[in-house]
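Letter by letter, the chains look like this.
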Amino acid sequence: MGIVPKETIEVTAQSIGITNLSPEAALMLAPDVEYRVREIMQEAIKCMRHSKRTTLTASDVDGALNLRSLEPSYGFASGGPFRFRKAIGHQDLFYTDDREVDFKDVIESPLPKAPLDAGVVCHWLAIEGVQPAIPENATLEVIRAPADNKIYEHKDGPLIDVRLPVKHVLSRELQLYFQKIAELTVSKSSPALFKKALVSLASDSGLHPLVPYFTNFIADEVSRGLNDFLLLFNLMHVVRSLLQNPHIHIEPYLHQLMPSIVTCLVSRKLGNRFADNHWELRDFTANLVSLICKRFGNTYITLQSRLTKTLVNAFLDPKKALTQHYGAIQGLSALGHTVVRLLILSNLEPYLSLLEPELDAEKQKNQMKSYEAWRVYGALLRAAGLCIHDRLKVFPNLPSPSPSFLHKGKGKIINAEPRKRKLSADSSENQPPHKRLITTDGPDVLRPHDHTGPAPMHVDKPIGNYNLPQNSAQPSSSEQASDGESRNGKEKERGKSRAITMKAILGQIWKDDLDSGRLLVKLQQLYGDRILPFIPSTEMSVFL
Amino acid sequence: MDPEQVDEFVMGYLKKKGFNSAAKQLQEALHHNNGGTFNSTDYHNDPELTKLIRSFSQSENDPTRYRDGYSKLRSWAYNSLDLYKHELLRVMYPVFIHCYMDLVGKGHTREARAFFNSFRKDHEMIHLRDLQKLEGVLVPSHLEEMEFARSLRQSKVNIKICQYSYDLLLQYLHRTESTLMLGIINEHINFQVYSGQPNSSSDDIDAVTIVGSFQETADHINQKEIQWGLLEDSLEDRLEKTGSLLSDSEKGQGESKDGDVDDSKKRSNEIGKQGSSLKKLKKDKAGNATAKVARQETSIVSPAPRVKPELALPVMSTDVEESILEDLRNRVQLSSVAMPSVSFYTFVNTHNGLNCASISHDGSLVAGGFSDSSIKVWNMAKIGQAGSGALQGESDTNDQNVGPNGRRNYTLLLGHSGPVYSATFSPPGDFVLSSSADTTIRLWSTQLNANLVCYKGHNYPVWDVQFSPFGHYFASCSHDRTARIWSMDRVQPLRIMAGHLSDVDVSVSLTIVRCVQWHPNCNYIATGSSDKTVRLWDVQTGECVRIFIGHRSMVLSLAMSPDGRYMASGDEDGTIMMWDLSTARCITPLMGHNSCVWSLSYSGEGSLLASGSADCTVKLWDVTSSTKLTKAEEKNGNTNRLRSLRTFPTKSTPVHALRFSRRNLLFAAGALSKPAS
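The listed protein sequences derive, respectively, from chains R and F.
Going by this note's numbering, the residue at position 53 of the first sequence is 53; the numbering climbs one at a time, nothing skipped.
Going by this note's numbering, the residue at position 28 of the second sequence is 28; the numbering climbs one at a time, nothing skipped.
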């Protein structure tokens, strides 16, 4: 039927005192009422058009009623159009927001300001077809540049935020996918399937809409499941897969992901069981961090600085647990040798002095603590070693020394190596990871034996050679000193033959060499021989 | 078939239809003739006939027949051959509205509503406003009462259709025996069958407006001859004659571009004369050269014929004449590459009360008509002189409104007793006319700031009033469906333009007149109406000489080109149409605005058209290039679009009024309306 139901007619009739209106009459009246209302509205729209407006007001309806010689509806005239509100629960029912006002409030309130009188202001809308950029011309340019807008804000009232809420529609398939992945991550029941899921996450296209959900999921689960080691590990795997996926543009979500990742790196406690190998998790996460920094460091400039700040704070706070220190060190060392040199090595000495008592088996009775301390020590050692390794890599290609030199070097290494092994082995019998570290370095060390490779030991010679004779005469190792001397002689010899080429190169890297040399010496002071295997052999060939 | 059987059938039919008295009479007559008893009718003998009769009786009683028939026809039309589809679909709309009105007329209100709603979507795009009107028709009495419905019922729709489409349609109707649809089509559609291929679907302006046989009348009226040329011995003429005599340095001064728009003409002239630097001279020469070229062009393109005035025109004082001549000499030549400057007058603090705005010919006076019955006139020249603050923002208006003496800086004209719908300045700017909802028109003097005359004549609100291009005469239009012509010295109208043609349809369709505009030669006025048409009236005879059909919603604004050849009209939907007066053809629709076009104005030499709209923009359209193109492409039958040159958005100010000054400076006015927060 029409817009006006017969109930409306009945109610209206009752309201004006007609109680015995027959239903038939109401039924007959209803369509006619609708027609009349439409007619009045049509006239009202005409009045509105002639008033050059596009919003219908009560006065327009009054005008229309006037045209029909009808009594206008009094009491609705107002300056502006009505504000209508939608009635909750109805599709197309609206009402005016008519608040009840207390008489007392009206009387007691101060008199409102008199409305301003009408006026005319003049400006150039365009000059020879070009709109001048003046305040009166609020044009597209002004909307584009919000800075300009601020100037007029006080004039035109609050600006309307143009942004509309964007509805995000997630397809059913994606929802299912997300649910499945989340389930797998949390349940930890089928590692094989989870691996497949990770592969899918790392390679599938079209997952981008899910990224915000994953970020949220990861953040939630990490904060919730700090005691659940496996869950954390799974989550970090998910993060890694997401990072690897070339179809995902994860950068905007990094700021949400980073806290979770850093938590997994430097949290005091990860997992609640003794058997949980949280060290592994920290190592894994450290790799993750380095991956992120490498990929987004350029575009997201503050990322690395913020990260290192957090990590250094954790590292330098003596109140923090050793596990946290370990995580921080691993994280920092993953960020590259400059970070290590600047942040770890500069603080190495005081830190080691702190760590010393923990390392001492006699002083630290707590087996667990001591184990942790050794762990941290291992991490530091590795960080320093890697740093030195990277430093040395930058050395220019130097002419290879004579075979005799090679021989000498070899011999020395062989000396050094067993000793260091012994040292590390007996200092911490119960540290498999440390051992692992050393053994992994093993091949490097051994490489000279199967020839091509040169003596790893010799790297420190060229470094040391300029400042060494006096400086590097360390009490720690007599061989070192003698070695230095002998190498010194060799260098001189070489220098004669290649003086011209050498000079330039050496001049360039003089300063670096100096730094590196000092660094190495210092490291040697601090670590003793334990540092030696970390001096990598790859660039040995460079010198040979 | 023997006659007795025929009688029986007639009998049965009458009974079915409920014409009981007629049936009785027939029976009696038969009795009388035969003298025997009337056999109970048995019309099962002839299956063909019974079927037909059945179908008749069913169709009368069953409202669902309309729906079935229409939906079948519709699906058939939509599945027809692409080449003929648009022609066949054109038939659907009249069938649709007549089906609906038939249903309403028979009292099946509910079915009618359901029918209407289910097929409404098909026609909404083109006929939305008609549908909105018809939607309210619910009972038979409304059909009688509503003019639109009545005119639809009484008239036939002309539809041009090619021979093959027509055959297709007839074949379909016969094959399916849809007598109901056939009946409606026969009753309300007048096919104009032509041989050959169907027209391209774009050319369906005729299909847009359903005004019945009105089209024929319009065609008939449009045959009449009109003299659209300019007045002989007009000032422009004189200028052209004398133009060659004038020396270069005196001409082409151009608009003063230093920002003091508000200054009166004379003052800027003085400045111009004083400042005769070398640079300026150069500029002048350059400007003059282009002016010459343009003038030559126009003279080649349109040697506008000269006509004699049919009205006794007022004699201009020499002072006024001189100043106009001066203005014409200094006119900036505009074209698609030379854009005008636009000066915008923004009304502030109007509290939604500004109904109309008007700008005097030289732009120095601005009048606003308000819904509180007042008229306010600002002298922008004075305001400009009083302080340089004229170009400052709204925050300063407080100080501006209250002058140095604490008085307001506008002239308040009180006299009307209803919202003021229109105001217009006489060409020299010494008088203001205003029209109001109180059915009167009032004449005000801007020198005395007083009401001089009150013209009573209209019976309903007067929507619009316009001075003739030479003053003295003015035209008004009103809700009472008339346009009237007045002279300033008489309180009674000189002419009343109403639906006085004998044809009923025309008078019916001549609904409320919206706006009025004078032809530059004063011999014609144009009126725009809510029946979506524009009419041109001969002032001398009071006859309607042209009807322009094509708008899809009510016409709100009109403008005549200065050479009198073209007319532009703007409607509620934002469409502007350019018409050729002599052929009554639409040259080109201008699409671009998306809300009511309140105002239109041609530039002084007619090369640009400016339009102001409720969508808070002023748009400039290229007239010359498009009309030229049209001439070239007319043979191809292409309708090209006028080029939209520029769009100037305002800061949430709907543009109420536009005026090109004689020097081609464009003035625009509007009320700042803050967006609802």
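Rather than coming from a laboratory, the hints here were simulated on the basis of the structure.
Be aware that a few hints might be false.
[Claimed, not checked] Here are the simulated BS3-like cross-link-like pairs (lysine-lysine), alpha carbons at most 27 Å apart as the crow flies: (1) K85(F) - K121(F); (2) K113(R) - K85(F); (3) K106(F) - K24(F); (4) K156(F) - K133(F); (5) K6(R) - K72(F); (6) K195(R) - K294(R); (7) K651(F) - K674(F); (8) K160(F) - K106(F); (9) K156(F) - K86(R); (10) K195(R) - K269(R); (11) K133(F) - K106(F); (12) K85(F) - K86(R); (13) K133(F) - K6(R); (14) K319(R) - K294(R); (15) K86(R) - K72(F); (16) K196(R) - K180(R); (17) K106(F) - K85(F); (18) K674(F) - K113(R); (19) K72(F) - K24(F); (20) K106(F) - K72(F); (21) K294(R) - K309(R).
[Claimed, not checked] Simulated restraints, written as ranges between beta carbons of each label pair: (22) R408(F) - D32(R): 29 to 35 Å; (23) Q5(F) - V37(R): 36 to 42 Å; (24) S644(F) - K309(R): 55 to 61 Å; (25) D580(F) - R85(R): 34 to 40 Å; (26) N298(R) - I126(F): 42 to 48 Å; (27) R408(F) - P132(R): 39 to 45 Å; (28) L116(R) - M316(F): 26 to 32 Å; (29) L83(F) - F94(R): 30 to 36 Å; (30) H351(F) - T12(R): 45 to 51 Å; (31) V106(R) - H351(F): 16 to 22 Å; (32) H351(F) - F296(R): 32 to 38 Å.
Heads up, the beta-carbon is just placed ideally off N, CA and C, and yes, glycines get one too.
Each hint, compared with the structure:
1. K85(F) - K121(F): The given pair, whose Cα atoms are some 18 Å apart, holds under the 27 Å limit.
2. K113(R) - K85(F): At roughly 65 Å apart (the allowed maximum being 27 Å), K85(F) and K113(R) break the hint.
3. K106(F) - K24(F): Between K106(F) and K24(F) the Cα gap is close to 24 Å, so the pair holds against 27 Å.
4. K156(F) - K133(F): holds, 19 Å
5. K6(R) - K72(F): violated, 34 Å
6. K195(R) - K294(R): holds, 25 Å
7. K651(F) - K674(F): Holds, at about 9 Å.
8. K160(F) - K106(F): Given pair K160(F), K106(F) is violated - Cα atoms ~30 Å apart, limit 27 Å.
9. K156(F) - K86(R): violated, 44 Å
10. K195(R) - K269(R): holds, 26 Å
11. K133(F) - K106(F): Within the cut-off at roughly 19 Å; holds.
12. K85(F) - K86(R): violated, 43 Å
13. K133(F) - K6(R): Measuring from Cα to Cα gives roughly 22 Å; hence the hint holds.
14. K319(R) - K294(R): violated, 31 Å
15. K86(R) - K72(F): The given pair, whose Cα atoms are some 40 Å apart, is violated under the 27 Å limit.
16. K196(R) - K180(R): Holds, at roughly 12 Å.
17. K106(F) - K85(F): Roughly 31 Å separates the two Cα atoms, so the pair is violated.
18. K674(F) - K113(R): holds, 19 Å
19. K72(F) - K24(F): The given pair, whose Cα atoms are some 38 Å apart, is violated under the 27 Å limit.
20. K106(F) - K72(F): Holds, at roughly 22 Å.
21. K294(R) - K309(R): holds, 17 Å
22. R408(F) - D32(R): 29 to 35 Å: violated, 50 Å
23. Q5(F) - V37(R): 36 to 42 Å: 54 Å Cβ-Cβ, so the 36 to 42 Å window is violated.
24. S644(F) - K309(R): 55 to 61 Å: holds, 57 Å
25. D580(F) - R85(R): 34 to 40 Å: Cβ of D580(F) to Cβ of R85(R): about 51 Å, so the range 34 to 40 Å is violated.
26. N298(R) - I126(F): 42 to 48 Å: The hint (42 to 48 Å, Cβ to Cβ) is violated, given that N298(R) and I126(F) are roughly 57 Å apart.
27. R408(F) - P132(R): 39 to 45 Å: violated, 29 Å
28. L116(R) - M316(F): 26 to 32 Å: violated, 41 Å
29. L83(F) - F94(R): 30 to 36 Å: At roughly 48 Å between Cβ atoms, F94(R) and L83(F) fall outside 30 to 36 Å, so the hint is violated.
30. H351(F) - T12(R): 45 to 51 Å: At 34 Å between Cβs, range violated.
31. V106(R) - H351(F): 16 to 22 Å: Since the Cβ atoms of V106(R) and H351(F) sit about 21 Å apart, the hinted range of 16 to 22 Å holds.
32. H351(F) - F296(R): 32 to 38 Å: Once the Cβ atoms are compared, 56 Å apart, the range 32 to 38 Å for F296(R) and H351(F) is violated.
The structure is inconsistent with the numbered hints 2, 5, 8, 9, 12, 14, 15, 17, 19, 22, 23, 25, 26, 27, 28, 29, 30, 32, although it conforms to all the rest.
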